[in-house]
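S.K.: Please build the complex by placing chain F on the supplied structure of chain V, with the hints as guidance.
The residues making up each chain are set out below.
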Amino acid sequence: MIIPEGTTEANFRTALQEFAGAVGAEWVFTSEADISTYRDAYSPFIGQPQKMNVPGAAVAPVTVEQVQQVVRIANKYTVPLWAFSTGRNLGYGGSSPTMRGTVMVDLKRMNKVIEVNETKAYMIVEPGISFIEMYRHLQSIGSNLRLSAPQPGWGSPIGNAVDRGHGDASYNGDNYSMVKGLEVVTPTAELVRTGCGSVPDSKLWPLYEYGFGPFISGMFTQSNFGIVTKACFWLTPNWETEQTFTIESDRSDDLQRYIDVLLPLRNEGIIHGWGATSPIRESGAHNDGRHPYGPKTVYQLLHQSDGGSMRQWDDLGRSARIPASRGTARMRGAAPVVKAQLDYALTRVRGLPGTLQVQPARSGAWIGPLIDFGIIAIQETSHGHFYFSPMYDASAKDLYAINDTVRRVMIAHDDYDMLDNFCWSGTRGTTADKYMLILLEFLVHDDVELNNRRLALFRALVKTCGENGWPEYRTPSYMQDVVMNQYSFNNHSLLHFLETVKDAVDPNGILAPGKGGIWPRRLRRS
Amino acid sequence: MRTVARVALTLAVSFALVGAGRAADLGRGKQVFQIWCAGCHEPLPGPSYAPPAGTYVLNKRYHGTKPAALEQRTDLTAAYVKAIVRAGRNMMPPTRKTEVSDTDLDALAAYLAGNNPR
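First to last, the protein sequences are chains V and F. Quick note on the working numbering: the first sequence kicks off at 1 and runs consecutively. Quick note on the working numbering: the second sequence kicks off at 1001 and runs consecutively.
Chain V extracted, bound-state conformation (with noise of 0.2 Å):
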């Protein structure tokens, strides 16, 4: 049993025989066996057990009544604790900790639909219920309403919100943008909700997300001050249709053009996703899904010290007949009405330099994917992957910026391999609004060796990228203070200010030490 830093073994096990009494003795997990199943099943320690944030316990409450008295007991024998609601984001730690021996918040038996409003299109949910399981409970009520899930669909869309997760992008992929209220267990055993879920029987909760005073709902995302015990959700109904559009050139200086029409487009509600991207530079990338289609003059400008000439660039794409530049546009909703948006997007789309391609309209709500899980099997990897992934603003300048300054960072690694195998990424169509997104899986492997080099490699693209203003949207529990440290203006105020909360809500330290780069006092290091 892994006892936790600052925690006494006698204290820990008195704590694990009071949760037994609090949720049942069968719902606390001390064997092996069973801790083995909270620990991050892509972790790149693999072969490194002393470097893993191995959890010393779990448990699993299934009230909020049990919720809290797990948490008065953790402060009673100063334990930490590390809520999840379903623990599949496999690409960011899963669900382990940030400290060895802390005790695991399983919230998967918490899976309560409280309500579903068709007309008002919102639901009030527990965090244990999966995007799955509440795709299917939405169909056996008759329901036309959908979430924006990602694959494979056994993730929580509370988890996914308070990790500031994305879906499939139903109209916003943003999925914390769809929650208007939370009720929290405080790290001293209050029960909170926020905005006019505040308000006694007010049917307000999920409507207006502000009620009065500060608005502290972000507070309980990618955060260690509470645990999210119940969220109210809005949900868009299923639409009847789906357009999209491409636009293609063969120079890349047509980008910038194709973005300047598109991201307006977007911000009118004419389309309702857009991408932007260079096919003939990703077309050596091995993590697409779809296998290297380009030339393999592609590397050799990719590991030229310039990365290739615009002009270079242009050549190969027109010898390869790949595109250098793509703009893509999607629009979902009431048939008539997404033709009629269509139809005007296409009269500021025509004036554009390229050839323009509209796509056969797609009748029906379908779940797609906003990465495809089978993607990651085709990489050839026996142990999963963790994700860098950087934003960056919803430029072609930026867009070319940032991958090769990724470039630079994996030449200057001497990592060539994981060089070819990511190529170069414009956005996937489904996140970019008015910043875009890099996805890349550093995938893990048995060598150890390997996976400390690229261990290494992230570590210096974050503070690379950091540098030039590119942070982490999200990152693996192991990787939480690495990330924090980009987000460094004015000598870390924010870092400073969090901590003051952290100390303020949390006085006994109790609550995930080190989420979100955040710890308490007594584990604080200078």
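What the hints contain is simulated information worked out from the structure, not anything from laboratory work. Check before you lean on any hint, since a few could be wrong.
[Unchecked claim] Quick look at which bits of chain F chain V covers, simulated, 3 or more residues with Cβ under 8 Å:
(1) 1035-1044
(2) 1084-1090
[Unchecked claim] Calculated lysine to any residue pairs in the SDA-like style (CA-CA distance at most 25 Å, straight line):
(3) Lys51/V <-> Gly1088/F
(4) Lys1082/F <-> Glu32/V
(5) Lys1097/F <-> Ile3/V
(6) Lys1082/F <-> Ala25/V
For glycine and all other residues, C-beta sits at the position ideal for the given N, C-alpha and C.
M.R.: Only chain F this time, still in chain V's reference frame:
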């Protein structure tokens, strides 16, 4: 107030009421498979852009000597299924008792071992 667990229980009970205990197990096992396994282990090519991850990997491993889709296998044993589900293997993460209970795992194992003539 309604829970998924209650819905699942109702379905399982309705199977039992028709008087076929083993059929109930297989019915529940199939349900568990569809909820927890099918996303990665349905037959190729699958409904999405990329293939189902588990079937893709098993197809490469077996080179046609065994079916890659688990529901088509005739050599699985209940004990093997249960061990893999709990421990995970390679890219497949372990499955916790709070996700698939021991009872549901028994049903899943019986379902997937159902084609094994032994």
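S.K.: Could you check the structure against the hints above and give me the numbers of any it violates, in ascending order?
M.R.: Per hint list: zero violations.
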